[in-house]
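Here's the letter readout for the chains.
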Amino acid sequence: MNKNFYFIIFLAFLSASFIFAVIISILPPSLFPLAILLMIIGLFLDVLAASTKFYAYYFTPFLKRKNNTVVLNAEPPFYVTASGNAIIVREDENVYASVFVKIPVYLSSTEMSDEDKLNFARSFSKLITINSKYPMKLASQLYYLNKDEYIRRISAKLNEVEDRYEKLKADKTTPDRLLGRAEGELAMWHNLFDGVNKSPSQNQIAYTMVSAMGANEEEAVAIAMQRAEEISAGAGSIFGVTASIASGEEMLTFIEPEYSIPPATISELLKKD
Amino acid sequence: MDEETIARVGITLVVAMIFATYSSAYGPLYILALAIFIIAVILITILSLADFLLFPLFTKMLKITTIPAKDYTIPKENEGVVKYVNGLYYATGYITANVYNYVFQAEQMTEGEDSEMAMGPDKWEKALMSIKFPFKFVAIGQAVDIQKYRDDLEGRRGYLEFQFSRSEGDAHTSSTVLDDLKRRMRVIQVRIDRLGAGERPLSSMMYIETTSVGITLNDSLTNLTQQVDQLQTVFNVFDLNLVRVVGREMYQLYKLNYYLPEMDRIISDFQFQK
Numbered sequence: 157m158n159k160n161f162y163f164i165i166f167l168a169f170l171s172a173s174f175i176f177a178v179i180i181s182i183l184p185p186s187l188f189p190l191a192i193l194l195m196i197i198g199l200f201l202d203v204l205a206a207s208t209k210f211y212a213y214y215f216t217p218f219l220k221r222k223n224n225t226v227v228l229n230a231e232p233p234f235y236v237t238a239s240g241n242a243i244i245v246r247e248d249e250n251v252y253a254s255v256f257v258k259i260p261v262y263l264s265s266t267e268m269s270d271e272d273k274l275n276f277a278r279s280f281s282k283l284i285t286i287n288s289k290y291p292m293k294l295a296s297q298l299y300y301l302n303k304d305e306y307i308r309r310i311s312a313k314l315n316e317v318e319d320r321y322e323k324l325k326a327d328k329t330t331p332d333r334l335l336g337r338a339e340g341e342l343a344m345w346h347n348l349f350d351g352v353n354k355s356p357s358q359n360q361i362a363y364t365m366v367s368a369m370g371a372n373e374e375e376a377v378a379i380a381m382q383r384a385e386e387i388s389a390g391a392g393s394i395f396g397v398t399a400s401i402a403s404g405e406e407m408l409t410f411i412e413p414e415y416s417i418p419p420a421t422i423s424e425l426l427k428k429d
Numbered sequence: 028m029d030e031e032t033i034a035r036v037g038i039t040l041v042v043a044m045i046f047a048t049y050s051s052a053y054g055p056l057y058i059l060a061l062a063i064f065i066i067a068v069i070l071i072t073i074l075s076l077a078d079f080l081l082f083p084l085f086t087k088m089l090k091i092t093t094i095p096a097k098d099y100t101i102p103k104e105n106e107g108v109v110k111y112v113n114g115l116y117y118a119t120g121y122i123t124a125n126v127y128n129y130v131f132q133a134e135q136m137t138e139g140e141d142s143e144m145a146m147g148p149d150k151w152e153k154a155l156m157s158i159k160f161p162f163k164f165v166a167i168g169q170a171v172d173i174q175k176y177r178d179d180l181e182g183r184r185g186y187l188e189f190q191f192s193r194s195e196g197d198a199h200t201s202s203t204v205l206d207d208l209k210r211r212m213r214v215i216q217v218r219i220d221r222l223g224a225g226e227r228p229l230s231s232m233m234y235i236e237t238t239s240v241g242i243t244l245n246d247s248l249t250n251l252t253q254q255v256d257q258l259q260t261v262f263n264v265f266d267l268n269l270v271r272v273v274g275r276e277m278y279q280l281y282k283l284n285y286y287l288p289e290m291d292r293i294i295s296d297f298q299f300q301k
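From first to last, the protein sequence lines stand for chains A and B. Residue numbers for the first sequence follow this note's numbering, beginning at 157 and rising by one. Residue numbers for the second sequence follow this note's numbering, beginning at 28 and rising by one.
No wet-lab data here; the hints were simulated from the structure. Accuracy of the hints is not assured; some may be wrong.
What the hints assert, rightly or not - Here are the computed lysine-lysine pairs in the DSS-like style, where the Cα-Cα straight-line distance is at most 25 Å: (1) 220/A / 175/B; (2) 303/A / 90/B; (3) 97/B / 220/A; (4) 103/B / 222/A; (5) 175/B / 289/A; (6) 354/A / 90/B; (7) 222/A / 175/B; (8) 175/B / 159/B; (9) 159/B / 159/A; (10) 220/A / 153/B; (11) 354/A / 103/B; (12) 153/B / 273/A.
As the list claims (entries may be wrong) - Only part of the chain A face toward chain B is listed, based on derived beta-carbon distances under 7 Å: (13) 224; (14) 226; (15) 231; (16) 235; (17) 239; (18) 245; (19) 273.
Think of the CB as a built atom: it goes at the ideal place given N, C-alpha and C, for glycine as much as any other residue.
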């Protein structure tokens, strides 16, 4: 529902409230209990009119609620495009496409002079004021790395080394030098495995997001992509890095909570708790 | 507060006043009518100026859970958006964090602004090192049309100059008023000079988003509160106004994860908690 429709709701409540006020004005004084009742209803409608500025979207779902649950949207919040590098959101009759641009800035303040620090801080202002035609989101995100694959590889390697060690140990002809070396290797992989499981690893990344509205999905995506290319070029020249459009799981890390806290890290967090 | 909100508050209050003017119609229940009128005026004012106080109270009292999208829930406290996936609850909360009122929006130019900005990267790294959970620092902005902004500043400067010359001629004007006018003119002049030096005015909003995980809904919300508290402590070094965003504005921030509408609409949605 668009803004005009919400304004009509505001006018409807306001008019209804005003009508109640007019009725009260023509009531004979003997009907004062009715006047009070009409006043309560009229003022309630007036309060509802005031609430439409921010809560018009809530009215219909609130009236349709079941078991004290108000459903604003039963659909997923977004859809990923077939190309995997943009998301689509439908709001009323509008289609919005959003594209994410990664900005890999690997600078630390410890390596900067005071002037560099000032310039670096100003670079963010420059980036965000790169255009005056559409808003842009600039974010710096700290998230847990998905170590699933890494852990799997270490675990496979650990099993392999353990097997070899057991075989060498069972073989009485194995020289002590070889057995000692296998034992050392096994201890190394054990330490690595224990270390990687001890605490979740974090990563920090900066990214920008731009959106575009279109009459259909293709149009919205095309405009958003064009804007993302502009931002990408601008970010590249401001920070001297290669900014690129995020896609797939990388893009979902910026949007979906379960990608910023991958399931592999949950057990570590629970253990810590 | 924008013009539209002011107009709406004005109109609804006028209509409420009309009810109060018919005092004779309420007979002996006049006092009751007056009490109802006062309650209505208070409700209209809070709804229009600080709805974040009322809405969470309303959902808590009626025990209303809101579903903003599939798999997502906003529990009755209206303090976080929770996603249920893979048998786990991921709760996301928001904190206001306008790092610096951008020089063009600030009412006062602060001394040593450059040195404050230069300390930014150090403070940021220290903050990052002490935080051990996922969070995002988000700035949404759009450059403002320079010419329009310059015209606006020049108009304001002209008005202040007029006020100053009038006050100067008036023997009753205190030196404090004249100093204040001078200071305001100086601030505007600095802004005009900055425009001339190539800086661009910006319309912006900033906030921090954090996500916690839990095996139950309450667990995730408790963890979220702890994370929000920790972020508030850590980011205090930036001298920010760090307030946990609740209610409608939290829902709007959640939606900004997926798309950005026009800047005017974003600013208009965040009038109170920013």
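Now for the hints, and whether the structure bears them out:
In summary, the hint linking residue 220/A to residue 175/B is not supported, as the alpha carbons are separated by about 46 Å, beyond the 25 Å threshold. Of the supplied pair hints, the one linking residue 303/A and residue 90/B is violated, its CA atoms being roughly 39 Å apart against a limit of 25 Å. Proximity of residue 97/B to residue 220/A is assessed by CA-CA distance (about 17 Å); at most 25 Å being required, the pair is judged to hold. About 14 Å separates the Cα atoms of residue 103/B and residue 222/A, which keeps this hinted pair within 25 Å; it holds.
Pair hint residue 175/B plus residue 289/A holds up; C-alpha atoms about 14 Å apart against a cutoff of 25 Å. For the hint linking residue 354/A to residue 90/B, the alpha-carbon distance of about 40 Å lies beyond 25 Å, and the restraint is violated. A hinted pair counts as satisfied when its Cα atoms are at most 25 Å apart, and residue 222/A with residue 175/B does not qualify at roughly 50 Å. About 44 Å separates the Cα atoms of residue 175/B and residue 159/B, which puts this hinted pair outside 25 Å; it is violated.
As the CA atoms of residue 159/B and residue 159/A are separated by approximately 42 Å, the hinted pair breaks the 25 Å bound. A hinted pair counts as satisfied when its Cα atoms are at most 25 Å apart, and residue 220/A with residue 153/B does not qualify at roughly 49 Å. For the proposed pair residue 354/A and residue 103/B, the alpha carbon gap of about 36 Å is over 25 Å, so the pair is violated. Taking the CA atoms of residue 153/B and residue 273/A, the gap is about 14 Å. The hint holds against a cut of 25 Å.
Given hint, residue 224/A at the interface with chain B, holds; its Cβ is 5 Å from that chain's nearest Cβ, closer than 7 Å. Because the beta carbon of residue 226/A sits about 5 Å from the nearest beta carbon in chain B, less than 7 Å, this interface hint is met. Here the hint on residue 231/A is kept, as its CB sits about 6 Å from the closest CB of chain B, short of 7 Å. Taking 7 Å as the C-beta cut-off, the interface hint given for residue 235/A is violated, the closest approach to chain B being about 10 Å.
For residue 239/A, the shortest C-beta to C-beta distance to chain B is roughly 17 Å, which exceeds 7 Å, and the interface hint is violated. Taken as an interface hint, residue 245/A checks out: its beta carbon lies about 5 Å from the nearest beta carbon of chain B, inside 7 Å. Interface hint status for residue 273/A: upheld, as the beta-carbon distance to the closest one in chain B is roughly 4 Å, under 7 Å.
Checked against the numbered hints given earlier, this structure breaks hints 1, 2, 6, 7, 8, 9, 10, 11, 16 and 17; the rest are met.
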